[in-house]
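So the sequences go chain by chain: A, V, W and U.
Reminder that position 128 of the first sequence reads as 128 in the UniProt record's numbering, one-by-one numbering, no gaps.
Reminder that position 131 of the second sequence reads as 131 in the UniProt record's numbering, one-by-one numbering, no gaps.
Reminder that position 33 of the third sequence reads as 33 in the UniProt record's numbering, one-by-one numbering, no gaps.
Reminder that position 163 of the fourth sequence reads as 163 in the UniProt record's numbering, one-by-one numbering, no gaps.
Hints may contain errors.
If you anchor each label on the Cβ, the simulated ranges turn out as follows [to be verified]:
#: 1; chain 1: A; residue 1: Glu240; chain 2: V; residue 2: Val214; range: 15 to 25 Å
#: 2; chain 1: A; residue 1: Pro26; chain 2: U; residue 2: Val74; range: 25 to 35 Å
#: 3; chain 1: U; residue 1: Asn292; chain 2: A; residue 2: Glu147; range: 47 to 57 Å
#: 4; chain 1: A; residue 1: Ala220; chain 2: V; residue 2: Gln41; range: 41 to 51 Å
#: 5; chain 1: W; residue 1: Gln41; chain 2: A; residue 2: Ser148; range: 50 to 60 Å
#: 6; chain 1: U; residue 1: Gly216; chain 2: A; residue 2: Ala98; range: 48 to 58 Å
It should be emphasised that the hints constitute simulated quantities derived from the structure, not laboratory data.
These numbers were taken from a predicted model, which means no experiment stands behind them.
For glycine and all other residues, C-beta sits at the position ideal for the given N, C-alpha and C.
4 protein chains.
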Amino acid sequence: MEIHAKQVRPDVKNRADRARMLISCPDGPGIVAAVSHFLHQHGANIVQSDQYTMDPAGGMFFMRIEFDLPQLSVNLLKLEADFEEVASRFKMDWSLSAVSRKKKLAIFVSKEDHCLVELLWQWQAGDLDADIALVVSNHLDMKDYVESFGIPYHHIPVTADTKKEAEQRQLDVIGNDIDVIILARYMQIISPMFIEHYRNRIINIHHSFLPAFVGGKPYAQAYNRGVKIIGATAHYVTEELDGGPIIEQDVQRVSHGDDVTELKRIGRTIERVVLARAVKWHVEDRVLVHENKTVVF
Amino acid sequence: MEIHAKQVRPDVKNRADRARMLISCPDGPGIVAAVSHFLHQHGANIVQSDQYTMDPAGGMFFMRIEFDLPQLSVNLLKLEADFEEVASRFKMDWSLSAVSRKKKLAIFVSKEDHCLVELLWQWQAGDLDADIALVVSNHLDMKDYVESFGIPYHHIPVTADTKKEAEQRQLDVIGNDIDVIILARYMQIISPMFIEHYRNRIINIHHSFLPAFVGGKPYAQAYNRGVKIIGATAHYVTEELDGGPIIEQDVQRVSHGDDVTELKRIGRTIERVVLARAVKWHVEDRVLVHENKTVVF
Amino acid sequence: MEIHAKQVRPDVKNRADRARMLISCPDGPGIVAAVSHFLHQHGANIVQSDQYTMDPAGGMFFMRIEFDLPQLSVNLLKLEADFEEVASRFKMDWSLSAVSRKKKLAIFVSKEDHCLVELLWQWQAGDLDADIALVVSNHLDMKDYVESFGIPYHHIPVTADTKKEAEQRQLDVIGNDIDVIILARYMQIISPMFIEHYRNRIINIHHSFLPAFVGGKPYAQAYNRGVKIIGATAHYVTEELDGGPIIEQDVQRVSHGDDVTELKRIGRTIERVVLARAVKWHVEDRVLVHENKTVVF
Amino acid sequence: MEIHAKQVRPDVKNRADRARMLISCPDGPGIVAAVSHFLHQHGANIVQSDQYTMDPAGGMFFMRIEFDLPQLSVNLLKLEADFEEVASRFKMDWSLSAVSRKKKLAIFVSKEDHCLVELLWQWQAGDLDADIALVVSNHLDMKDYVESFGIPYHHIPVTADTKKEAEQRQLDVIGNDIDVIILARYMQIISPMFIEHYRNRIINIHHSFLPAFVGGKPYAQAYNRGVKIIGATAHYVTEELDGGPIIEQDVQRVSHGDDVTELKRIGRTIERVVLARAVKWHVEDRVLVHENKTVVF
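Just need the whole structure built from these sequences, with the hints factored in.
Next comes the structure, spelled out in structure tokens:
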């Protein structure tokens, strides 16, 4: 279909020379000066820079820098190699990536389609700057729809008995070059083994304003508690159910007149928007994780 | 002071003939017809009417009616007496009150002043249509300020050992004609004995988006969990800590850069606004309680 | 595709006997009593009732009633005929419709697809209780996509010279049984002749928080003015450009860092949500128009 | 009164050595490197740094840096002198100020008290890190209240005939060391002569979501237009009425049931919150003005 083909947005500039750097390290004097001096010396021009110091005295320092470097593809490797000296001086965790190298996504889905539909729509509209490499599902419902976008759809049923084998099959079809896995209302608990492979690289959307209403049927829980606002939460998956680092949350007002069906209907739009924002921020290298919290630049 | 004296708002109309009726009963056919017919027969004109049916089949029915009745003060007693027949036919819980009869408030406060200051400001601005009969505190901090409004201030210290006696003293100074007690950041747990005296008539402001972060230090809990939105909750006090029927909630977006001190600062304004709305709705007879939930018209 | 077929939501109850009534009339005593008495006498059970009086003294009265009447299809005509007496007594504008009779929609679209995609998604998800009878466009872009849902797509080009003929062709393809026309980012001004045919039945989405930024390029206007919040507005179309009765608005916070492209991206989600809400409310008979304003129940 | 005396917040750290720098200049390579290198060389430790480039190619560059410098009071003058070289190299507009040197505020008010009360409350609560040097009013209403805080109150009546003299008297009482003037619902138009003295240093709160409803009676305008959301806007005052650079805006949902009196009541809280935020950001050196827009860090 025509609509599915327009994946090149006309207003996206040629960004072949743009790169992003993420840094986490213990705070100390001279970090910003050292990094910006290093980039300047190597001919890079800083376009955007954000930083955050958790606590001026002895805390952690986080930084995201977006810069342009002429002939980036030629110079990136040398830049990385040269930066090692700065990084080791300040004991940095760091990463550097060319903006032109799109992140590769695997989307997991069950039967509820709204989050998947939203991601696909934002992707074909050019708003999600990533490649959707494949979709994995324990159901067949979305197969035709996903394949109409030219995206491979892997149907891998999961039962209590076959869970281990199913996860292995998932890891096999995902392969080795997926950057991030999106659980777009995938109603299965991920095993610690699987999580370990993708530490801070699995994003889940939970249909409540966490930490309220952890676990199953959060809209029914919300209805029973009589809350006046409902929400949704996108977070990285950890071994603790619905307990991982929160990337984004949003909410909407409801009233006594909204029953569970209506809460679900209202919630679907919150879920869509929150998950899409979190995925966008992740693929734009805006999210750093420290212990169980995120820094979002 | 001049500012404290302007308690009569010029734009408030003469509402001597206005009354409000609250009704809860099992749902069934003909309730609206019976009530509106009754009021019409007695010469009342319905100005505003709200209703809600929890579930069309066999659920509960809730109604709030605001009406004008000529010479209300003369006719109110007869109206109440005559309504008994309708009420018993439909097994109604109901109440009827003249708008001109202002609700009497007792405000409990500890050291944090912002919620009390807000209520006093809204009251003197004419936005809170109630009488603030007295303030009770376990501290002396707000004494001069409260008394400058001409409002009695009762300093009743509370310790673990004296709690029972202190609550008895509180009940004594409150007396018998207080309609509702506002816990405006009153940092003491209310005993079941005390709650029993004011069932669904004690409003607390909790400084989190309940049911998240029940109990002490909710802003520190929110900071540690890394939430992206904080909130406050006004609810009726029950025996379960922070577990009573929610009247109102509101939230505000925060970021990783906001430490606990900043969360508290942002939260103070949410708390003020949420508590003031809940109190306003209560004194305007807009809140009905059913089991552990509220209907807010 | 499977996704497009599930237009019957399993949790929608059998509502064959449910109807809705909308009433506007000069305020006066006894209206609620008369209407509810009438319905009760005819065996109807009121499920939901909302009313609003613009000004107690001599203003307008608005009411929406949802009720169940056994064997509605058999009894509806008699109910309508009998209600004439009540209606003429109070000089009512009124309408009565069976909930089971879905409203018929015509959607107009140009090249921007997001609002159309949203409406189609909500429709196939069962959240939009209406029939999408046809789509009209001055471009071919969305043809395949719309037809994949089994919905007729009428391509009617419009130029300055052919506008009159084009509008006549539009009226022809719409025919006589369309209830409401949705301008889902249809970038053509509708002529007074056309509007007259569908008074208060054409819903437009304007991509600004009206009345700010009337007319073309509202996101560029918003950027140039440096606003900190952007919005979208759904309104009925009148002869005054972007000046008709507002049905719904919503907003989102932006920052100095958001350029026009980013404002458009953020705005697309606001537009989608606001238009979908307005259409939902219209087809559920929740919107009454009085002069240039709406009452939304 | 006790409440008015607690102007020292216990949790405010000793910030004697903290300073802030604001920079605006044409964008170009090496700015961040030069500034951070300069600060590092002088022994300063960057605590927070924000930057924004309006357009990577040939646009403007804005930066805010918060840093600690040992013995700041001794070293500040030398730092300023040394920075001249960097500043002239990049054609910077810049300013540097010690955090311990509080900004001095003059507040102008007429009869509506809510914005003034909010600023005074935030100030005494320690949330507004500034000195309120004096209050100027064309009315006497707030005199006693303001003076109870120990703040001088200057009553300067203004009529069409005496406007020029009145403004001169205002300038006289303000003197030469006021940093910023807050129009806290001061219902007089400021003359170009007066504005010229305090370019980008007069903050007004307008009681609408600008640019909607410029000028008088914005709540009545909003009611007549039938908007579903109302707002307030804090902006710097320029010669164009309600047309200056916007610092902050916020909004709240309203309904058809809210008349002008209710819109005003709801609006008062929006106004209070928006103005307080804008003032806070201004005194914390978070706002840079470029042409008719603000950058808020």
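Against the structure shown, which of the earlier numbered hints fail to hold, in ascending order? none
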